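Residue numbers (our numbering), protein chains in the order written: chain A, 1 to 375; chain X, 1 to 176.
Read the hints as simulated data drawn from the structure, not as lab findings.
It cannot be assumed that every hint is accurate.
To be verified - Quick partial rundown of chain X residues pointing at chain A, CB under 10 Å, derived from the structure:
| id | residue |
| --- | --- |
| 1 | 64 |
| 2 | 66 |
| 3 | 94 |
All figures in this text were calculated on a predicted structure; none of them were measured in a lab.
By construction, the Cβ of each residue, glycine as well, lies at the ideal position given by its N, Cα and C atoms.
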Amino acid sequence: MAKEARLVQGNQAMAEGAIYAGARFYAGYPITPSSEIAEECSKVMLKVGGVYMQMEDEIASIAAVIGASLTGAKAFTATSGPGFSLMQENLGLAVMGEVPCVVIDVQRCGPSTGLATKPAQSDIMQLRWGRHGDQIVIALCPATVNECFALTVTAFNFAEKFRVPVILAPDEIVGHMRENFSVPEPGEIAVIDRKKPSVSADRYLPFAADADGVAPLAAYGSDYVFHVSSSMHGRDGYSNNDPANAAWRVAQLHRKIEMHQDEIVLTKSFAVEDADVLLIAYGATTRAGRAAAMEARKQGIKAGVLQLVTLWPFADKEVAALAKKAKTVVVPEMNYSGQVAGEVRRVLGSGAEIRRVNSYNGEIISPQDILKAIV
Amino acid sequence: MNEKKERYEVILAGSGGQGLVLAGIMLGEAAVREGRNVVQTQSYGIASRGGLSLAEVIIDREEIIYQQVQQPDVILALTEEALEKYAALADEGVRIFYDTTLAKPRTGANLTGHPFTKIASDLGNVAAVNILALGTMLAAIPVVKTESLAGVIRKRFKGTALEMNLKALSTGEELV
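Here chain A stands alone, though its shape is the one from the complex (with noise of 0.2 Å):
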């Protein structure tokens, strides 16, 4: 039976998301415009048996979060631009330890505390290279509040999956906003878990690799015992200075995302079979830029909308198989340096015609805005 439709806010349903995935601990900070997300945790945690920690700033939120994930729960922690700065070290960390975890960042207009309450979509290189050393991490970005919720469901799913963290980055606009929502029943969606290892606990090793990219990973607290090091480590998890060993590890923290690239980008595309004109849009933006490709076919101009809904890995084969068809393609987004329209313009070459349409003082890109660059 169908629940009750609600209008429920992004935020919340991220929130919601996570306890349908499982997550069962929230260490976090509370900042605008991601605070209803602690707020919400705080209410529902206790209730199903899980963890609700506020704790005294975002450093110490990301530890709680890689050290709740190694004892096996699944967690997770929610902050915008100035808090994911703060983050970027221990996140290191958890790619480096191959945690499973999520963290949400409600974009928000900066530089530095910028304006606090005002949309940006000027996190996106820092989700990819906000931290140092060479490595990948995977981000997705919801436009609806039912992307909210089902992408959460899925970014745990990956981080589990993959023994990665998961950023998911929604904008202020999709953040705050409210839609009608109803959470899917239990099993509606499919909710994955880790690889438990299945040798004995004097066998294991906590990054031996399996086929598919991915080492089990045990439980702190169970008979396993292991070690987790930020610094460079061989598959007994202990250090190793050895040459070989780090080439192999920084080849296969990206091999076990590039292995199943075609699984973790997800894309929708919104009449682009014929599309003159493509929109390649993220977010909030995504919306305008439907607005604005309906807009533009009344006028007679055959325009679609490609929505990133991965951000990272970026969705290079899609971008380069729709823009091909295309004579223009046009990046709608909310920050001043074209983030997105970079990687664009770095699939498609220097020969393309890529217009830009750019925010960047905290006010929404409008169908309008985007109608402007396509007539």
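Position chain X relative to chain A; hints supplied.
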């Protein structure tokens, strides 16, 4: 009374602390009760009191693609700053209800002023101004049924707060 339309776009504008975002949420919840699609957004500054604050609500039978109001049917303006921002739209046919307690009176078609804040204060709680003004708006423009909003109020409030809000709603309706 006007016939109910397929789509409504509503702006509730005023100052932080007047409860306009909550009013937008409750209006949206009332529409969800009626089986409509709703998108509610808001814009506000960093102050919890003061500064322009507004809620937007779009109600439609179809999927709502762009999330912001583009062609408002009706605007509620509870401060001079809010009315100043939108007053010109009255000439384009947008119905505007505004608070004469806090905004200067205007004349012109589509502009309707009532001392919402004073009336709410006289009723016993100035915080009920949001529901009172919604009541007036809904009596003139059937964005949702008043009864649907009353249902939302009954679900959200208890005791004296419930009584106050229901009283504010009916008082607002009677102003039309």
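Index of numbered hints that the structure contradicts, given in increasing order: 3
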